[in-house]
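Enquirer: Order-wise, the sequence lines are chains A and B.
The first sequence begins at 1 in our numbering and counts up one residue at a time.
The second sequence begins at 1001 in our numbering and counts up one residue at a time.
Treat the hints as calculated values from the structure; they're not laboratory data.
Please note that the accuracy of each hint is not assured.
[Claimed, not checked] Sample of chain A residues facing chain B (criterion: CB under 7 Å; computed from the structure):
1) ARG38
2) SER39
3) GLY66
4) ARG72
5) MET74
6) ASP130
7) PHE274
8) HIS321
9) ASP329
10) LEU511
11) PHE514
12) PHE515
13) TYR518
14) LEU523
15) ILE527
16) ASP531
[Stated by the list, open to error] Here chain A is said to cover these stretches of chain B; the calculated rule only asks that three of the stretch's residues, wherever they fall, bring their Cβ under 8 Å from a Cβ of chain A:
17) 1038 to 1048
18) 1198 to 1208
19) 1254 to 1263
20) 1271 to 1282
21) 1295 to 1301
22) 1348 to 1361
This structure is a prediction, so every number in the text was calculated from the model and none was measured.
Even glycine gets a Cβ: it sits at the ideal position worked out from N, Cα and C.
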Amino acid sequence: MITQLKSGNVYDPHNKISNVKKDIFIQDGKIIDKKNVRSKIDKIINCSDKIIMPGAIDLHTHIGGGKVNIARLMLEEFHNEKEPGYDSSAIIAPSTLKTGLKYIEMGYTTCFEPALLPINARQAHAEMSDIPFIDKGGYALLGNDDYFLDLLRKKSSQSTINDYVAFILSATQSLGIKVVNPGGINAFKFNQRALNVDEKSKYYGITPREIVEKLTRAIYDLGVPHPLHVHCSNLGIPGNFLSTIETIKAANGLPIHLTHIQFQSYGNNGDKGFSSAAVEISNYLNKIENLTCDVGQIMFGQTVTMSGDSMSQYRNHNHAHPNKWMCMDIECDAGCGVVPFKYKDKSFVNALQWAIGLEIFLLAEDPWKVFLTTDHPNGAPFTSYPHLIKLLMDKTFRNDILNQLPKEILNHTILHTLKREYTLNEISIMTRSAPAKILGLKEKGNLSEGSDADITIYDKNKKDIEEMFAHPSLVIKDGKIVVENGKIKEYVWGKTHTVKPDYDKSIEKDLGKFFEKYHTMKLDNYILSDDEMNRLVGSPVYVNDCKYKRKQ
Amino acid sequence: MTSQNNIKNLTCPFCSMHCDDISVTTKNDQYKVGQKNTVCAKKIESYNLNTKSIVMPMIGKKVVKLSEALKKISNLIKGHNETLILNHGVELAGLRSILSFASQRNCIVDHVNSKFLYQNIGIVQRTGYMATSLTETKNRADAIIIFGNEVLTKTPRLIDKVLTPKDSLFSTSKKEIILIGDFSAKIVKNIKGKGKCNITNIKLDLNLIDDFLKLLATDDLKLLKGLKKSELIKIKNILNKSKYIVATWTASDFVKTLNPKKIIAAICKYIVDLNVSSRAACMPISGILADETSSQALTWMTGFPSSIKHIDGAFKHDRNAFNSQKLIDEKNVDVVIHISTINPGKLKINKDITNIVLGHPNTTFTSTPDIFIPIGIPGIDYEGIMFRTDKVVSVALKKIRDIKLPSTQNILDNLA
């Protein structure tokens, strides 16, 4: 069956197409070129008053795994939403069904859980398998696990570390590697309460810098498309922009992706000891070629923070709203913390956090290096994206809100001086083409022949840009119309994206012994096979290519 | 001729430890546990098919074909108003099918151990706490306080796998095991026999846990019934020296106390307070009827861990209105579908309600159910996924024999 999207205004930044009247053809779930349309066109959709973009990609959203489920369980009193067509689960900790519905209705077709604990991978994937519509995947957490830290302590070769990283990617069915508070979560288990970039952990004598160096190198050597995804040291601490800059330097020029950088761009100037360092961070972002980031914008209102960073979540538990929280040490592998939180527009700190996130967006010279996220649900639920897009595209709207915030923040932010308004093409870059590129998803985020027919079609007559992005006219997933004028037409189930670089299988022998001695499960049970993913966990696996054959 | 198979690392489905180092041999639809796992061997083998096992579906006392039993179930459900699906232990795929079926027929879904589950969940929902897992406890804990003996009777291999491990990454000296409550001499001897820990056994009434923890947190040396001054000093010394303390309990053990909620809250508060200057964590042990598997899966699929009903297109939760025990006792449901895949124990049947049982072939009943369909055991007769007591680890269950019994998923998907 061939479908023609006729005469839409197409935004396809990957192919350098911006607002060009064009037809798009779909066959068997894929996009095909007009010249390859060889049979009858079965369906023509008139898109003359429509904007066509590839399906949106969220590269950092907490949608599956132990900490997400703790939040769902903890926040029962918020599971009372009464929107028709959805279950009552709170959007700050939605059920898997509601997650899928809300994403697809906004035209998001691919999403990634950024904190997949290797030991918890089976659960995280099982949860994500129950999210309808979207393709998904995860980044495995490393850098706080005792096996890895012991490799570093023993001065193991980079090649051995590369084998371990490649094994983890394969065994946990992940697309990338993330490090959270490098070494800090592990140090917290030994009762260390802080760990700066060049501070040695008490037990292993390893610094966060060494961890970032080794892991960025491993990702580079293995040819994994997505750079090391880094949640830096000292999250949320005033003055932390300095450790963020040191973390950037730790990559030694190799690709590195800093996540929810808003929480890592704080100065400590002024009488409140809290100020914006967005300019300093943006200077690095604009200057360094291999550096990318997602923002982690905050929005005002109730949410829940969830993170693998048990050190920082424990530190923040006194700010819990409502007053309850949970932290966990996990399997000599990682940790987690769940702390509900309310961002208040009357709060100096929260208002400045809001401004810092927007400053970073607006100071970024290259939209291919900055990605639109709220670190769902840490900064705000993902359903805030249309509002965030309007903040970026409409300076009057932005300044109207800024003017309602505590006046003192104007002494610590330059937001009111920034006149920039994002264009539709730039929004399309940062929500489609750029995340696909940085994740190595060749068949996503573009409308090239052979790419997945994941397409979002907006009504260009809608005056309000927020409304336009909140309610696309049509969403197509794998060539099927799944949403039409806000109504679900058909349920489809996505696949799990992974990457599987080569590694020397002999590392499994050593790991097997480690598991035998120190773990409470066998290595065999830890490894998730493609077959188990497909038959028991519930999602077929799609293996994306590495950039090149392993270098070391 | 029957063949014999040796399976080295079976993942045990029968308790919430889900040990995956069980050696078994299968022959003639039976399995035998290897010598190595003697603590649980008898128990695991007791789940084998026996001469009284029911391997064909039954309507009342009449043996019928599966298709006939399924047709009867469809008719029964159609003709009634309120159907309860009562989970006595099901793996992930079974739970997915339960929710799918319930959403098509607007059923209530509850777990038979919900009341215990809510004791531990309640603390997460009221205050939260600091938690840990089995491997952390094995390697990091230098002192472990066990409140109540059920921890060790329900999960006996906690002793060799976590309390007295052969190897440990960080614990250089013997672990200090503090037993609070009435532990049998056999259990104490069993722990002592491993020789890798020091035991302090305080036969304290579980009702006094709150007072005991208050004494630990202060300089007070007041005496409690069952606690000598020398014992209190000893425990304080142990805990003061410890760098990573773990507290563990089972919620069901506290049911016989005056205020289980208060006891769990006291333990969690004590542990949370220790973290101001040191490290400590809680590790509650869940029930043995796949309670954790049910709680986890239902939470991600609906937002709620148990006691839900599909109404107006979505699952709603009400701990009282959808409390299975209450619904059955007060006859506020017409049909109960019991699903019990891992426990062949005696199932309570309320004769005033229509009872359908999808169960282990050895299941016995207080009275004959209207329909019984024998189903296989996950981890023995079919593959699956279950969650361990510490919530963060889920395990893959294997199929080790082929006795042609259906799974929960097979039956419910057929009925849907």
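Enquirer: Against each hint, give a clear statement of whether it holds in the structure.
Expert: Against the structure, the hints come out as follows:
| no. | hint | verdict |
| --- | --- | --- |
| 1 | ARG38 | 40 Å, violated |
| 2 | SER39 | 37 Å, violated |
| 3 | GLY66 | 5 Å, holds |
| 4 | ARG72 | 5 Å, holds |
| 5 | MET74 | 5 Å, holds |
| 6 | ASP130 | 6 Å, holds |
| 7 | PHE274 | 25 Å, violated |
| 8 | HIS321 | 13 Å, violated |
| 9 | ASP329 | 5 Å, holds |
| 10 | LEU511 | 14 Å, violated |
| 11 | PHE514 | 9 Å, violated |
| 12 | PHE515 | 9 Å, violated |
| 13 | TYR518 | 5 Å, holds |
| 14 | LEU523 | 10 Å, violated |
| 15 | ILE527 | 9 Å, violated |
| 16 | ASP531 | 10 Å, violated |
| 17 | 1038 to 1048 | violated (count 0) |
| 18 | 1198 to 1208 | violated (count 0) |
| 19 | 1254 to 1263 | violated (count 0) |
| 20 | 1271 to 1282 | holds (count 4) |
| 21 | 1295 to 1301 | holds (count 6) |
| 22 | 1348 to 1361 | violated (count 0) |
In this structure, the earlier hints numbered 1, 2, 7, 8, 10, 11, 12, 14, 15, 16, 17, 18, 19, 22 are contradicted, and the remaining ones agree with it.
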